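Q: Now for the letters of each chain:
There are 2 protein chains.
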Amino acid sequence: MFAQFVQPYWTALNDRLQDIVRSELPDEPGFGAMVRYAMGWENEDGSPYDKLTGKRLRPALLLMANQSAGGQWTDALDAAASVELLHNFSLIHDDIQDNSPIRHNRPTVWRVWGVANAINAGDAMFALAYASMAKMSDVVSPEVALRLWAIFNRTNLELTRGQHLDMRFEQLERVSVDDYISMLKGKTGSLLSACAEMGALTANGNEKQASKYGEFGLNMGIAFQIRDDILGIWGNSDVTGKSAATDIQSKKKSLPVLYGLTHSPELVELYQVDDFGDPEIEKAVHLLDEVQARQYAIEQEQKFHQAAMAALDEAQPDSQATAPLHEFVDALFDRTY
Amino acid sequence: MFAQFVQPYWTALNDRLQDIVRSELPDEPGFGAMVRYAMGWENEDGSPYDKLTGKRLRPALLLMANQSAGGQWTDALDAAASVELLHNFSLIHDDIQDNSPIRHNRPTVWRVWGVANAINAGDAMFALAYASMAKMSDVVSPEVALRLWAIFNRTNLELTRGQHLDMRFEQLERVSVDDYISMLKGKTGSLLSACAEMGALTANGNEKQASKYGEFGLNMGIAFQIRDDILGIWGNSDVTGKSAATDIQSKKKSLPVLYGLTHSPELVELYQVDDFGDPEIEKAVHLLDEVQARQYAIEQEQKFHQAAMAALDEAQPDSQATAPLHEFVDALFDRTY
Chain A
1 MFAQFVQPYW
11 TALNDRLQDI
21 VRSELPDEPG
31 FGAMVRYAMG
41 WENEDGSPYD
51 KLTGKRLRPA
61 LLLMANQSAG
71 GQWTDALDAA
81 ASVELLHNFS
91 LIHDDIQDNS
101 PIRHNRPTVW
111 RVWGVANAIN
121 AGDAMFALAY
131 ASMAKMSDVV
141 SPEVALRLWA
151 IFNRTNLELT
161 RGQHLDMRFE
171 QLERVSVDDY
181 ISMLKGKTGS
191 LLSACAEMGA
201 LTANGNEKQA
211 SKYGEFGLNM
221 GIAFQIRDDI
231 LGIWGNSDVT
241 GKSAATDIQS
251 KKKSLPVLYG
261 LTHSPELVEL
271 YQVDDFGDPE
281 IEKAVHLLDE
291 VQARQYAIEQ
301 EQKFHQAAMA
311 ALDEAQPDSQ
321 ATAPLHEFVD
331 ALFDRTY
Chain B
1001 MFAQFVQPYW
1011 TALNDRLQDI
1021 VRSELPDEPG
1031 FGAMVRYAMG
1041 WENEDGSPYD
1051 KLTGKRLRPA
1061 LLLMANQSAG
1071 GQWTDALDAA
1081 ASVELLHNFS
1091 LIHDDIQDNS
1101 PIRHNRPTVW
1111 RVWGVANAIN
1121 AGDAMFALAY
1131 ASMAKMSDVV
1141 SPEVALRLWA
1151 IFNRTNLELT
1161 RGQHLDMRFE
1171 QLERVSVDDY
1181 ISMLKGKTGS
1191 LLSACAEMGA
1201 LTANGNEKQA
1211 SKYGEFGLNM
1221 GIAFQIRDDI
1231 LGIWGNSDVT
1241 GKSAATDIQS
1251 KKKSLPVLYG
1261 LTHSPELVEL
1271 YQVDDFGDPE
1281 IEKAVHLLDE
1291 VQARQYAIEQ
1301 EQKFHQAAMA
1311 ALDEAQPDSQ
1321 ATAPLHEFVD
1331 ALFDRTY
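Chains as they are written, first to last, in our numbering: chain A, 1 to 337; chain B, 1001 to 1337.
Among these hints, one or two may not hold up.
Said to hold, decoys possible - Listed next, the in silico EDC-like pairs over lysine to aspartate or glutamate satisfying Cα-Cα at most 16 angstroms (straight line):
| no. | chain 1 | residue 1 | chain 2 | residue 2 |
| --- | --- | --- | --- | --- |
| 1 | B | K1252 | B | E1170 |
| 2 | B | K1253 | B | D1330 |
| 3 | A | K185 | B | E1170 |
| 4 | A | K251 | A | E170 |
| 5 | A | K185 | B | E1028 |
| 6 | B | K1185 | A | D27 |
| 7 | B | K1185 | A | E170 |
Hints are computed from structural coordinates only; laboratory data are not their basis. Quantities reported herein were computed from a predicted structural model and do not represent experimental measurements.
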């Protein structure tokens, strides 16, 4: 769907990622294997793995932002590799925290090598992400390199904040919509924001413009996640004739559900039922529709989507430069409800 | 024992650490609590904790190196706070990996808040450590700040390498002495090396001198750990009249034991016994003495100790400047066998 946007960068990005892992990761038996497995280059026995894992969306966004702001995207490859390493570090730790056995159709790192090793492999990729970002000082001025460092630090703290809220919300009976959006800002928005901001900053060093790019990425990320929440309940119902509603089955506290829980006492009562079968799912969707939770979520998505595009326009009123970014966002949001 | 060396910096360092945690850590309920608990400032319910946790050895070494190399130690406080945050991050993850329930006489973070939260609290402190280090750019030139970043990245990758080897060795029946020393370089030496190097670099920007300081810290760290290994078997035997030998009881693969296992087939056989009681411990110590494992370990300790002091002399032939560092090392090593 958006492979066409990533494709121009794919080979150069993959080469750079492999270079960094090869040159920066200390060489010890079994150490690099976990990282290369997580990156989707190897099977657990070290043999080559050739299926696609991960969409490399974040580095592609960074490189597109760089080009839009007038940069040479090849100059930003170390920053692009860095955000992809960071994203994959966070997945390794997330999978331990969520007790998830499968990622990209393969056993997760902790399932293969155990929790202790997976924590350490994640820590190593965190440090690798910083090492890759630090290499940007070969290309940009020391001042811009230090600014990248500061943005990256802020982003990583935001990511842990989002993760904290996400785990906390699982324990709470009630979560407000505002708290949920605040969690999305950290968990999904912050890294996409950093990608757009760092891409633009690397292009020309203009901090004010870059900050607008960051605002674009942040709002786009939140809108994208809300869209996902809507699809998790009403996905393709028009096409398939029946509701997907997987997020109802798993009782996921997504935006429409949180909205529904504050507007429908009947839904609150229903969600106290332990065994959720088809009748309960159907009733829950009905109650959500009754309080117009879907409409509310669509409005929220549009609000953040519009904020994203407004920030991009402010960043760069020349729409020709940002045309590829517009097409990318259109593709991201081109999924039928 | 070495509290006198840390004491001059204690208040300023603690204030700086608290400032950084307060200003940089995102404010979410329950998030900062884990960090403040780990730093030894709070109980798990958020009430003040006033017992001493941690010796703050690493930041003290950094600040002493800074002073020796002619710096104003107050300029290096953000770097000092950074290495202490990093050290405490690594302890949080170590305790999960080792399944340790107690640290500094209190339940470990994972025991109080669970593994998932403890992983995330560690990740947040990792990012906080970087954020604190990045603040050094307010004091030093951009070039020196970028050099600090590069040293920190290298150190953090080395730490994960050391941790990887340490965990790997627990699974192996045989570990060579060389591999063991290599593990110590990563796990203990790398951060002490970085402390000394970054302290000196911050003082005057002289990379060559700072690198010698790093060599000093690395070798001192290894010597210190070997000394610990010796004390774990023969600690205070002259004073108490009986062997401590706690490391024999736990079958820890420390340096004297690894040496013994390659020189005494009888010890190899003995170490296959599952239940280790007093007779087995006594026999193991006897076998180690027979192959002169203690003598070997003392020689190794002295080798690294001497290499440390030689590097310090090369870094700064003016012995007056480094007198406090010499006293500090003397105090560190002033423990009776």
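Q: Would you mind marking each hint as holding or not holding in the structure?
A: Verification of the hints:
Note on K1252/B and E1170/B: the hinted pairing holds, with a Cα-Cα distance of about 9 angstroms set against a maximum of 16 angstroms. The straight-line distance between the Cα atoms of K1253/B and D1330/B is roughly 27 angstroms, outside the 16 angstroms bound, and the hint therefore fails. At roughly 41 angstroms between alpha-carbon atoms, K185/A and E1170/B are farther apart than 16 angstroms, so this suggested pair is violated. Restraint check for K251/A and E170/A: the C-alpha separation of about 10 angstroms stays at or below 16 angstroms, so the hint holds.
A C-alpha spacing of about 13 angstroms is found between K185/A and E1028/B, which places the hinted pair at or below 16 angstroms, so the restraint holds. With a C-alpha separation of about 14 angstroms, the suggested pair K1185/B and D27/A falls inside the 16 angstroms cut-off, and the hint holds. Note on K1185/B and E170/A: the hinted pairing is violated, with a Cα-Cα distance of about 41 angstroms set against a maximum of 16 angstroms.
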